[in-house]
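Novice: The listed protein sequences correspond, in order, to chains A and B. Take 1 as the starting number for the first sequence in my numbering and just add one per residue. Take 1001 as the starting number for the second sequence in my numbering and just add one per residue.
Hint data in this document are derived by calculation from the structure and do not stem from the laboratory. Hints are not guaranteed to be accurate.
Said to hold, decoys possible - Calculated lysine to aspartate or glutamate pairs in the DMTMM-like style (CA-CA distance at most 20 Å, straight line): (1) Lys95/A with Glu1162/B; (2) Lys65/A with Glu1170/B; (3) Lys236/A with Asp211/A; (4) Lys140/A with Asp220/A; (5) Lys1167/B with Asp159/A; (6) Lys95/A with Asp159/A; (7) Lys1167/B with Asp211/A; (8) Lys1167/B with Glu102/A.
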Amino acid sequence: MTVEEQTDGSANPQRSICIENLSKEYVRGKPVLHNISFTVEGQSSVAIIGPSGTGKSTLIRCVNKLIPPTSGNVYISGENITHLTGRNLRMARRKIGMVFQEFNLVERLSVMENVLCGRLGYVPSWRAWLRKYPQSDIDKAFALLESIGLLEFARQRADSLSGGQRQRVGIARAIMQEPHVLLADEPTSSLDPKTSVEIMELLVSLSGEHDIPLLINIHDVELARRFTVRVIGLSKGGIIYDGPPSELTNDHLKQIYGGENWLQ
Amino acid sequence: MTADTAKNFGPAFRTNWWARAGWLAAVLYAAYAANYLDVSWVRFLQGLGNGAAFLAEMVPPNFSRWQLLAANLIETVQIAIIASAFGILFSLPVGLLAARNLMPSWITWPFRAFIALCRSFHPVIFAILFVKAVGFGPLAGILTLIFASIGFIGKLFTEAIEEISLKPLEALRAAGAPFMSVIIYAVLPQVLNRFIGFSSYQLDANLRNSTMVGIVGAGGIGGTLFAAFQRFDYDFLAAILISIIALVMLSEFISTRIKRVFQ
């Protein structure tokens, strides 16, 4: 499988995540992920489902090298980022937005400062320290905050917000990077069911609006079915299912999660 | 529930024989040490008599040499402020570089060793060393208190950093932020409040310590205090002690105000 094949004929060939024979071993000889390959490109949202401890978080962190993979390659928009280090890795990470399960905001900073954190890869440290961001960044942050309904909270501290609002800030921070691809690691696990749906709606709509392929780790199968066009089922470090949610059967789910009583 | 139906579950609390033996040993050793060092009731009563005579000579305090007193106090405050400023400034990077959750061990261990070295000596010992090295005067006192400050704030600051949440750091790394930006945005906001608390406490401690380094010739009011003591100038000694109390209380008041501003 080559990158050219992967990107051929897609709607937006320059924006993609391509994972090639990726394996990860924390302990030698005990792979957490084993030979994973798939591609996400164009305007699509893809869910990775699977039980806890099956390597979903590890997989998504291998994409931006927060966790270095043991072997295999990761291509972002055609660029192999697997062996990048230092400054080159930082440049590559700017293209990869990430949304976290526990939001990972800086609680003591304001909402605006948290959103502008998405620009830290572009702005020199001394400018960031003095809060001397380019006006275009600030305008963009305000516009983004308005679009997610948090404009009035811009100057408030992040820890004064509710869970759903914080996750919106987390998403705005990722979008501020102007990323080529968006990763979300269990973005709804810390939220109530109603807020979870709203957050998924926001992620999918922003991904469409900004033309960013979206890769979401999610353990909630119903949310995955409802909001994504493709589901990758992961179990014991390998891909068990890769296809549209409509073809995902109970047999597949049994294979992915094990047991069957929970399905009734 | 009657006695015959009650089950016997055994005692609810376990007796800690080791702790009891430890307490007993501590009491016995204290008695032995007091006997060995000739600490006795008779000597204590004699001492009280001497103390009363000494106190009687201290009243009324003699403020007639107030110019000398004021000049000394100002020097003391200057030593404390300069030492605090540089001590706080240096302890920031030192504390950061010694934090094991941010730095690899080959960086942290020399800095941890440096902090441990700063903490291993009482300021008086540092003062003696610096008086030998740079000569009598305030410079030796300033250097002494800079090292004392690095030892104290550096260690507390390192511990504060090691307790922070790493989640925001992960997010900023994922966004491609350079190392310094990660420190400024994700680390400092989490520890800044505590750092200001440590710093104002250290300024307080430096004021008290700077009254003392003068005893070994490192500048400040301590030298005058020691001289007054050796000349049996007890009324002037009382004046010096009262001014030190006033100074420390004033600094306490100011540091409370400073902390309130940053809360």
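Novice: So, for every hint listed, does it hold in this structure?
Specialist: Structure-based check of each hint:
1. Lys95/A with Glu1162/B: violated (30 Å)
2. Lys65/A with Glu1170/B: holds (11 Å)
3. Lys236/A with Asp211/A: Judged against 20 Å, a Cα distance of about 32 Å means the pair is violated.
4. Lys140/A with Asp220/A: Distance ~32 Å between Lys140/A and Asp220/A Cα, so the pair is violated.
5. Lys1167/B with Asp159/A: holds (14 Å)
6. Lys95/A with Asp159/A: Not satisfied, since the Cα-Cα distance of roughly 27 Å exceeds 20 Å.
7. Lys1167/B with Asp211/A: This hinted pair is violated, its Cα atoms lying about 28 Å apart.
8. Lys1167/B with Glu102/A: holds (8 Å)
Hints 1, 3, 4, 6 and 7 from the list above are not met by this structure, while the remaining hints are.
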